[in-house]
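So the chains spell out like this:
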Amino acid sequence: MGNVGDRAQLREIIEKTIQKIFAGDRRTAGRLITGLEDREEWCKEVMKRLYPRAGHAMTIGLTGAGGSGKSSLLNHLIQRFRQMGKSLGVIAVDPSSPFSGGAFLGDRIRIQHHTRDDGVFIRSMASRGYLGGLARATTEVLHVMEAMGFETIMVETLGAGQDEIDIIRLVQTCLLVITPSMGDEIQALKAGIMEIGDIFVLNKSDLDGATKAIRSIEAALSLKPFNKGEWRPRIVSTVAASGEGIDDLMEGILAHQDYVHNNDAMERAAFQRVEQEVGLIFRDELERVIFKGLNGSGEKRRYIQSIIDGKSDPYKVVEEIMETFLKKR
Amino acid sequence: MAEQKKIKVVISKVGLDGHDRGAKVISSLLKEAGMEVVYLGLYQMPEDIIRAAIDEDADVIGVSCLSNQHFVFVPKIIDEMKKNGLDDVLFIVGGVISPEDFPTLKEMGVDEIFVAGSLTKPIVEYIRSHIRR
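Keeping their order, the protein sequence lines are chains G and S.
Read left to right, the first sequence gives residues -13 to 315 (the numbering used here).
Read left to right, the second sequence gives residues 221 to 353 (the numbering used here).
Among the hints, erroneous ones may be present.
Claimed, not checked - Partial list, computed: chain S residues near chain G (C-beta under 10 Å): (1) 241; (2) 262; (3) 276; (4) 325.
What the hints assert, rightly or not - Cut-off 20 Å, straight-line C-alpha distance, at most; resulting in silico cross-link-like pairs (EDC-like, lysine to aspartate or glutamate): (5) 72(G) x 26(G); (6) 278(G) x 306(G); (7) 296(S) x 103(G); (8) 34(G) x 261(G); (9) 303(S) x 309(G); (10) 226(S) x 26(G); (11) 296(S) x 268(S); (12) 34(G) x 11(G); (13) 214(G) x 181(G); (14) 226(S) x 24(G); (15) 34(G) x 263(G); (16) 226(S) x 103(G); (17) 2(G) x 27(G); (18) 30(G) x 306(G); (19) 303(S) x 11(G); (20) 302(S) x 104(G); (21) 225(S) x 270(G); (22) 278(G) x 230(G); (23) 225(S) x 26(G); (24) 296(S) x 307(S); (25) 225(S) x 27(G); (26) 302(S) x 11(G); (27) 286(G) x 270(G); (28) 278(G) x 309(G); (29) 313(G) x 285(G); (30) 286(G) x 271(G); (31) 210(G) x 170(G); (32) 302(S) x 331(S); (33) 303(S) x 305(G); (34) 225(S) x 24(G); (35) 278(G) x 27(G); (36) 72(G) x 31(G); (37) 296(S) x 331(S); (38) 30(G) x 285(G); (39) 278(G) x 104(G); (40) 176(G) x 192(G).
To be clear, the hints were calculated from the coordinates, so they are not data collected in a lab.
Don't be surprised by glycine CBs; every beta carbon is placed ideally from N, CA and C.
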């Protein structure tokens, strides 16, 4: 973007994008999201301008193991929120291949009732190696959907194991979807994902072991200290295939939203979300600024080679880079 | 630092046609080739496919048809693509299609046709070299 003409053109693209996003234009949103996924520089300027419109939607997350029924539950929930007259943005994350970098994004198959509904915007995202159960740009995509005016935004994580818990810092209400085959009480006692559910959704609850699973979670929750007035996670049984229990789940979600809005929980949630967001952007920028120079001059390659050759080590190299970088400033 | 651009493909079956083996095989192969594939599954209508292509910002739409109804659905998809300004999206059709229909389909605006039995490498190479952006 060296010359002035290019820069003026870029400014125009940015300006147009912002206006179209505010007008709810889907094609522009689709393109912007791709730019965010590819970490294109111009998107940063757009996000700065969209940011003031962020933070107003009701945000709900669904996490849990692959095959537990997250997408199928999502399909039911979209329907319920639509019946309430709410417009919805949906982000569905699936994993990228660590080998080819490609991805098979299959969440839309389960979300079939709303494909032509103007009040629903669904975007699949590949994780592209980002850890934590989301994609790197998921937070930004959520902001784009908010800026488009969607009132409720639902985020489905990729199939999560024990520690993919970034979702808890992104959304207000977090649903942890489990199945009767989740394991015994010991699994329910473990740290990590078992701690992040505002609502435990026992899906496929018509299968053997459902009662035992509920008891395990209840037992684990009974050992957890709760402050007075603090939200106690609910356990809701569902069968996504038949729609059983979806009423209870909706009631639970709305009860938790009520709780969030009438406590300092909302403020705490906002604080955590912004903290995570700033941390991410900061790390990205630091890496970008430092490595951009190093890459261009071939220094990065020399540093790595010196470690391989045993002349240096990763700690020394990072110290050296930081020192030179800070001196330059 | 901008990451390498990924090719995004929307793969779908269309209409009343339950033969999804080929669509799944192609989706899987494109994934292996490093592309991001949104798989829509069975019984999609042209409007569903177009909406998904817009929201997902697809570079390629791939539709599989084994019901011999390609002359029913292809014109509708092309029409919807035009209406929605998806002129920079590649449109590929696969399945069981008689070679004598190829010229008419291409005239209608299909970019390429890969029938059952196509080798995978040419499909990947075709997409890589014909992407419009």
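Q. Residue 176(G) and residue 192(G): Cα distance at most 20 Å?
A. violated, 25 Å
Q) Between residue 226(S) and residue 103(G), is the straight-line Cα distance small enough, at 20 Å or below? A) Violated, because 27 Å separates the two Cα atoms, which is more than 20 Å.
Q.
Just to be careful, I want the Cα atoms of residue 34(G) and residue 11(G) compared with a cutoff of 20 Å; is the pair within it?
A. holds, 19 Å
Q. When you check the alpha-carbon spacing of residue 303(S) and residue 11(G), does it fall within 20 Å?
A. Within the cut-off at roughly 15 Å; holds.
Q. Per the CB criterion, is residue 262(S) less than 10 Å away from chain G?
A. holds, 8 Å
Q) Is the Cα-Cα distance between residue 225(S) and residue 270(G) 20 Å or less? A) Holds: residue 225(S) and residue 270(G) sit about 18 Å apart, inside 20 Å.
(Q) residue 296(S) and residue 307(S) were given as a pair; does the straight-line alpha-carbon distance stay at or below 20 Å? (A) holds, 14 Å
Q | Pair hint residue 278(G) and residue 306(G), alpha-carbon separation not exceeding 20 Å | A | OK: residue 278(G) and residue 306(G) at ~16 Å, within 20 Å.
Q.
Between the alpha carbons of residue 2(G) and residue 27(G), is the straight-line distance 20 Å or under?
A. Within the cut-off at roughly 16 Å; holds.
Q. How about residue 276(S): closest beta carbon in chain G under 10 Å, or not?
A. holds, 6 Å
Q) Between residue 313(G) and residue 285(G), is the straight-line Cα distance small enough, at 20 Å or below? A) holds, 17 Å
Q | Given hint residue 27(G) paired with residue 225(S) - CA-CA distance at most 20 Å | A | holds, 13 Å
Checked against the numbered hints above, the structure breaks hints 1, 4, 5, 9, 16, 18, 22, 33, 36, 38, 39, 40 and satisfies the rest.
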